[in-house]
Amino acid sequence: MKTETQIPASAIEVQTRKIKIFGVGGAGVILADALNHEEFAGAQFVVVDTDAQSLAASSATVKFHLETKLLRGLGTGGDPERGKVLAEEQFSTLKSACENCDVIFILAGLGGGAGSGISPVVARAAKETGALVLAFVTQPFLCEGNRRQSQAAQSFEQLKSVADGVICLPNQKAFKLIDENTSVLETFRITGGLLLESVRGIWQLLTRPGLIQIHFDDLCKLVRDQHSESAFAFVEAGGAARSREAVEKLLKHPLLDEGRALTEANAILVSLTGGKDLTMAEVNRVMEQIGRHCERAQIIMGAAIDGSMKQKLSVTLIAAKNAPVKAETSAASHEEMNLREASSRYGVRQAASALNLEQREQIVSRRPRRDKSKMLQTQLPLAIISKGRFDKSEPTIHKGEDLDIPTFIRRGVPLN
Amino acid sequence: MFDDSNIIVGLEIGTSKVCAVVGEVTAEGALNIIGLGQSRSRGVRKGEIVDTAQAEEDIRNAIVEAEQMADVEIRSVYLGVSGGHIRGFNNRGVHPVVSADREISQDDIDDVIKNAKAINLPAENNVVHAVRQHFFVDGQDGVQNPVGMLGSRLEVDMHVVHGNTNRLQNSIRLVKGLQLDVEEIVFNGLASSLALLSGEQKELGALVIDIGGGTTDFVVYSDGVIKHTGVLAVGGDHISNDLAFGLKVPLSRGEKLKLEHGSAIVDEAVKGQTVAITNELGLTLKTVNVEHLQRIMSLRLEEIFQLIAQDLENAGLFDYLRAGVFLCGGGARIPQITRLAEQILQMPVTPGQTNSVSGIKSALDQPEFVTAIGLAKFGSFKNRKREGKSGLKGIIGKFLQRS
Numbered sequence: 001m002k003t004e005t006q007i008p009a010s011a012i013e014v015q016t017r018k019i020k021i022f023g024v025g026g027a028g029v030i031l032a033d034a035l036n037h038e039e040f041a042g043a044q045f046v047v048v049d050t051d052a053q054s055l056a057a058s059s060a061t062v063k064f065h066l067e068t069k070l071l072r073g074l075g076t077g078g079d080p081e082r083g084k085v086l087a088e089e090q091f092s093t094l095k096s097a098c099e100n101c102d103v104i105f106i107l108a109g110l111g112g113g114a115g116s117g118i119s120p121v122v123a124r125a126a127k128e129t130g131a132l133v134l135a136f137v138t139q140p141f142l143c144e145g146n147r148r149q150s151q152a153a154q155s156f157e158q159l160k161s162v163a164d165g166v167i168c169l170p171n172q173k174a175f176k177l178i179d180e181n182t183s184v185l186e187t188f189r190i191t192g193g194l195l196l197e198s199v200r201g202i203w204q205l206l207t208r209p210g211l212i213q214i215h216f217d218d219l220c221k222l223v224r225d226q227h228s229e230s231a232f233a234f235v236e237a238g239g240a241a242r243s244r245e246a247v248e249k250l251l252k253h254p255l256l257d258e259g260r261a262l263t264e265a266n267a268i269l270v271s272l273t274g275g276k277d278l279t280m281a282e283v284n285r286v287m288e289q290i291g292r293h294c295e296r297a298q299i300i301m302g303a304a305i306d307g308s309m310k311q312k313l314s315v316t317l318i319a320a321k322n323a324p325v326k327a328e329t330s331a332a333s334h335e336e337m338n339l340r341e342a343s344s345r346y347g348v349r350q351a352a353s354a355l356n357l358e359q360r361e362q363i364v365s366r367r368p369r370r371d372k373s374k375m376l377q378t379q380l381p382l383a384i385i386s387k388g389r390f391d392k393s394e395p396t397i398h399k400g401e402d403l404d405i406p407t408f409i410r411r412g413v414p415l416n
Numbered sequence: 001m002f003d004d005s006n007i008i009v010g011l012e013i014g015t016s017k018v019c020a021v022v023g024e025v026t027a028e029g030a031l032n033i034i035g036l037g038q039s040r041s042r043g044v045r046k047g048e049i050v051d052t053a054q055a056e057e058d059i060r061n062a063i064v065e066a067e068q069m070a071d072v073e074i075r076s077v078y079l080g081v082s083g084g085h086i087r088g089f090n091n092r093g094v095h096p097v098v099s100a101d102r103e104i105s106q107d108d109i110d111d112v113i114k115n116a117k118a119i120n121l122p123a124e125n126n127v128v129h130a131v132r133q134h135f136f137v138d139g140q141d142g143v144q145n146p147v148g149m150l151g152s153r154l155e156v157d158m159h160v161v162h163g164n165t166n167r168l169q170n171s172i173r174l175v176k177g178l179q180l181d182v183e184e185i186v187f188n189g190l191a192s193s194l195a196l197l198s199g200e201q202k203e204l205g206a207l208v209i210d211i212g213g214g215t216t217d218f219v220v221y222s223d224g225v226i227k228h229t230g231v232l233a234v235g236g237d238h239i240s241n242d243l244a245f246g247l248k249v250p251l252s253r254g255e256k257l258k259l260e261h262g263s264a265i266v267d268e269a270v271k272g273q274t275v276a277i278t279n280e281l282g283l284t285l286k287t288v289n290v291e292h293l294q295r296i297m298s299l300r301l302e303e304i305f306q307l308i309a310q311d312l313e314n315a316g317l318f319d320y321l322r323a324g325v326f327l328c329g330g331g332a333r334i335p336q337i338t339r340l341a342e343q344i345l346q347m348p349v350t351p352g353q354t355n356s357v358s359g360i361k362s363a364l365d366q367p368e369f370v371t372a373i374g375l376a377k378f379g380s381f382k383n384r385k386r387e388g389k390s391g392l393k394g395i396i397g398k399f400l401q402r403s
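Protein chains in written order, with my numbering: chain A, 1 to 416; chain B, 1 to 403.
Hints are supplied without guarantee of correctness; some may be wrong.
What the hints assert, rightly or not - Below, a list of computed lysine-lysine pairs in the DSS-like style, where the Cα atoms sit at most 27 angstroms apart:
#, chain 1, residue 1, chain 2, residue 2
1, A, Lys-173, A, Lys-252
2, B, Lys-256, A, Lys-392
3, B, Lys-248, A, Lys-392
4, A, Lys-312, A, Lys-249
5, A, Lys-387, B, Lys-256
6, A, Lys-387, B, Lys-286
7, B, Lys-202, B, Lys-114
8, A, Lys-387, B, Lys-248
Claimed, not checked - Just so you have them, the derived chain A footprint on chain B, three or more residues with Cβ under 8 angstroms:
#, segment
9, 42-52
10, 242-251
11, 291-299
What the hints assert, rightly or not - Quick partial rundown of chain A residues pointing at chain B, CB under 7 angstroms, derived from the structure:
#, residue
12, Gly-388
13, Arg-389
14, Ser-393
15, Thr-396
16, Leu-403
17, Pro-406
18, Thr-407
19, Phe-408
20, Leu-415
Just so you know, the hints here were simulated from the structure itself, not pulled from any lab data.
If you're wondering where the values come from, they're calculated on a predicted model, not measured in any experiment.
Virtual Cβ for every residue (Gly too), placed ideally from N, Cα, C.
Whenever a hint applies, use it, and build me the whole structure from the sequences.
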């Protein structure tokens, strides 16, 4: 009897955790559609785009077509400002669509007009309803030109400042996975696939009953309000040596930069899912190997059993790093100070404060601002660390760390 | 003709200095240090030569100084090597005893050692040392000399130190270019441990950490044999560089600040204190916060010890260091370093003292010279062994050497 009562209890818990998946922009709609099958039966799909054609092809239940006369049915034309303006106009509608949800996933391809422009607005709308907002985005290939790159980078910064967690896949990293003969179509399928894997990983984390449960709170704590940059990996392995294989795959995972993301991480969440034959020794082996690579990080671990996964082991890993430049949050006075000082500060701060200014004004007025000139400035690579004396000598690499760089910089110890 | 067969010279080409130590083996076989020469090193980074012309000049200066002090002519040296490319690992050789009575003979021992030395190294690497640890007879541990014992299966553990051939050859060629013979190359960490540890300490288990200018070498002894060696291509130079970067001063000034105000642990008393950096006219150019200076240093040193601790933990040797930790090299001079090391390694740490060597007191007390003295000591051991192999071969060998 007892067991019977327990199972529905967990089922109820799953039910109460309402999840919505937003696909934003052309790429986002395609990604959302790819997810829309029975495995994600519990989720509600919402697609948002400026292009009627892509929406028409989508199987999602809720569709938002952002359209004004301004666009003449031609979409945003690759300008994120237009996308943003449209989204701001529909802000209240978007917000109502986000209501009554615990977790909202936003899928988008950054770089274009719709994805880059709309998704930060959606994230903000979702955030205002009090849900946990996780954005899964791709960044364009380098060959797509620097305009798209900078648009994507700006949008990424905006997303980071509003969403709880952003998992970003630079498409460029997919080059490690493809060869000379891979077609363009196939390449996009691979990058999309990687992103979808991460959605699936989080989905499993939230919906599967765990033996060693990762609480919903843990996930929130890991990604919420730290405005962290997260690296994500999802791997599956089978066979007798599956635990070793899984770790190897993880360390080679393109999204983890050959394990570098692990060494730099401040917090790591690992979730293992296996069939009924999952042994404790395997769990231990995986955790030990991962732990060895990230000694400074706080590790949150969970394990779950899925009856349908025979002889298989899947590992979901989220590595969160505190963002080096913390975007100022919504304290208005702080921002005004930033505005005044903006001209005298460094490029990064300028960009951040300008960004915040814009956001704040949008929150206050709910109206698009077109009259003001754009104050956005792309981020400068300020992280150039000279190795001084060792500049030209062979670097001393120890477990992914360059020991020639001063320790206090690598460990982020502030010297005021 | 002056007989110099009992003169042994250790030469260390370090990152911050080149040091030559002249030792004399007394009739009883003990080593007596009679001369020491040193020169500032300018052609070495992280323990490896990067500028041959500079390095050559520095070596020559050091050798000349040592020759003058000891009043001998130096013909051959024991050369110390280090660098991030050097690795150590343990290897086991197996040999079945085939003789009818199952008695282990010297031939069996030679065979098993040969097997243990047959290791699979990358093509570009060369063995620096292969040090015998213990024998196993039919799985029985800790046999030191199995000759005459009965058994069917003889095994031996060897500790093999190896490094990149080309990089090792660089320093050898440089020394040979100065018309000096290289008797043997010796891993610096091993030399330091020879100079510092007594037999008892080796038996109890000890860790020797040599914090040099460009590298930190470490060696673990346990049960009287070398169990583990390692090189971390991080040293005092890195501290100076960190200071130069963190305090925004030139490198030479960073070095000077390190020597004058450095500490391994941030001293409570220096909080808020500043030091003025002046130019040649005595005008203040910049003030530097001493607390920051010490914090930068402390973090770097802490990391060095943590990396070593991690390495030992992986090798499973942490519980075997009953005699504690011994520090040497220029890094051992840093104030409070023993306390920092104790905090991180959680065992007693002592600044190393060269023992079982007699001679110039000023040389023996300096932690910087430990390696060079150890090199000479290594030479004296080899010498003793060679003399032990007396008989026709030895005499002919000597004769050939002289002619």
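Right, here's what the structure says about each hint:
1. Distance check on the hinted pair: Lys-173(A) and Lys-252(A) sit about 12 angstroms apart at the alpha-carbon level, within 27 angstroms; holds.
2. Between Lys-256(B) and Lys-392(A), the direct Cα distance comes to roughly 23 angstroms. Compliance with the 27 angstroms bound is thereby established for this hinted pair.
3. Under the criterion of a C-alpha separation no larger than 27 angstroms, the hint pairing Lys-248(B) with Lys-392(A) is consistent with the structure, at around 20 angstroms.
4. Between Lys-312(A) and Lys-249(A), the direct Cα distance comes to roughly 14 angstroms. Compliance with the 27 angstroms bound is thereby established for this hinted pair.
5. Between Lys-387(A) and Lys-256(B) the CA atoms are separated by roughly 19 angstroms; this keeps the pair inside 27 angstroms, and the hint holds.
6. Distance restraint check for Lys-387(A) and Lys-286(B): the Cα-Cα separation of roughly 22 angstroms lies within the 27 angstroms cut-off, and the hinted pair is therefore satisfied.
7. With a C-alpha separation of about 25 angstroms, the suggested pairing of Lys-202(B) with Lys-114(B) holds against the 27 angstroms cut-off.
8. For the given pair, Lys-387(A) sits about 13 angstroms from Lys-248(B) by alpha-carbon distance, which is consistent with the 27 angstroms threshold.
9. Against chain A, the segment 42-52 of chain B contributes 3 residues with a C-beta closer than 8 angstroms to a partner C-beta. That satisfies the three-residue criterion, and the hint holds.
10. Counting residues of the segment 242-251 of chain B whose C-beta sits closer than 8 angstroms to any C-beta of chain A gives 5, which meets the bar of three, so the coverage hint holds.
11. Counting residues of the segment 291-299 of chain B whose beta-carbon sits less than 8 angstroms from any beta-carbon of chain A gives 4, enough to reach three: the coverage restraint holds.
12. Interface hint at Gly-388(A): satisfied, since its Cβ lies 5 angstroms from the closest Cβ of chain B, which is below the 7 angstroms cut-off.
13. Taking 7 angstroms as the C-beta contact cut-off toward chain B, the hint placing Arg-389(A) at the interface holds, the least distance being around 5 angstroms.
14. Look at Ser-393(A): its Cβ gets to within about 5 angstroms of chain B, closer than 7 angstroms, so that hint holds up.
15. Evaluation of the Thr-396(A) hint against chain B yields a held restraint, the C-beta minimum of about 4 angstroms falling below 7 angstroms.
16. Checking Leu-403(A) against chain B: minimum C-beta separation of about 5 angstroms stays under 7 angstroms; hint holds.
17. Taking 7 angstroms as the C-beta cut-off, the interface hint given for Pro-406(A) holds, the closest approach to chain B being about 4 angstroms.
18. The restraint placing Thr-407(A) at the interface with chain B holds, with a minimum CB-CB distance near 4 angstroms, inside the 7 angstroms limit.
19. At about 5 angstroms, the closest approach between the beta carbon of Phe-408(A) and any beta carbon in chain B falls short of 7 angstroms, and the interface hint on this residue holds.
20. This hint holds: Leu-415(A) has a C-beta 5 angstroms from the nearest C-beta of chain B, less than the 7 angstroms allowed.
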